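K.L.:
Each residue of the sequence shown is one higher than the last, beginning at 14 in my numbering.
Think of the hints as simulated: they come from the structure by calculation, not from any bench. It cannot be assumed that every hint is accurate.
[To be verified] Each pair of labels, with its calculated beta carbon distance range:
1) T107 to R181: 32 to 38 Å
2) P73 to P38: 41 to 47 Å
3) R71 to S91: 29 to 35 Å
Keep in mind that this is a model prediction, so the values were computed, not measured. Ideal Cβ positions, reconstructed from N, Cα and C, are used throughout, including at glycine.
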Amino acid sequence: VSINQKTGQVVAVGQEAKNMLGRTPPHIVPVQPVVDGVIVDFDAYKTAHGMTGDEVKRTPGAYLAMTPIPGAKEAVRSLIGMGFEVWIATKPPTGVSYAYGDKAAWVFEHLPELKRRIIVTHDKGLLGEAGDFLCDDRPHKANCEKFSGELLAFVGGYHWPQALEYLRTKRPNGQIKAGGALPAQET
14 VSINQKTGQV VAVGQEAKNM LGRTPPHIVP VQPVVDGVIV DFDAYKTAHG
64 MTGDEVKRTP GAYLAMTPIP GAKEAVRSLI GMGFEVWIAT KPPTGVSYAY
114 GDKAAWVFEH LPELKRRIIV THDKGLLGEA GDFLCDDRPH KANCEKFSGE
164 LLAFVGGYHW PQALEYLRTK RPNGQIKAGG ALPAQET
């Protein structure tokens, strides 16, 4: 989604908004977030089911059954309301094909406004550009350190309240990828 900061109107959605990335005036903004650990409570599911992380990753339907982290959906919607172009960026477990569908189905159910803004990748370093943000709870994985924009590491007590406070000080001129989460550019 690309939003005009001056009028509050949605300017473009889906592929049209994606095509605008990096080509918009400063008052039009796109956004992207990451799924497990930033939006979805992987650890709570793991603990509740007495499983290891590897067992969870290989359990069909596990990602779809996970609960949102308290306040995460509201935070993502708040970013959208601030004019950021939000995308979901998620890394599936290697070799577990059903995890791709489970993660997408979770987004369809819990954040349907982002159903056309899902990026599934093993290399988050390929995403974004200067002015974009990546919110990720595993910044040492998926090549996050090579992300072109600013990495907001959801570690050590840093999570949505702190990220929202920080992003409110930023003019939406990039994307936000969540799962990792990222603010978008303005048009």
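K.L.:
Now look at each hint and say whether the structure bears it out.
P.N.:
Evaluated hints:
1. T107 to R181: 32 to 38 Å: Holds, at about 36 Å.
2. P73 to P38: 41 to 47 Å: holds (46 Å)
3. R71 to S91: 29 to 35 Å: holds (34 Å)
The structure is consistent with each of the numbered hints, conforming to all of them.
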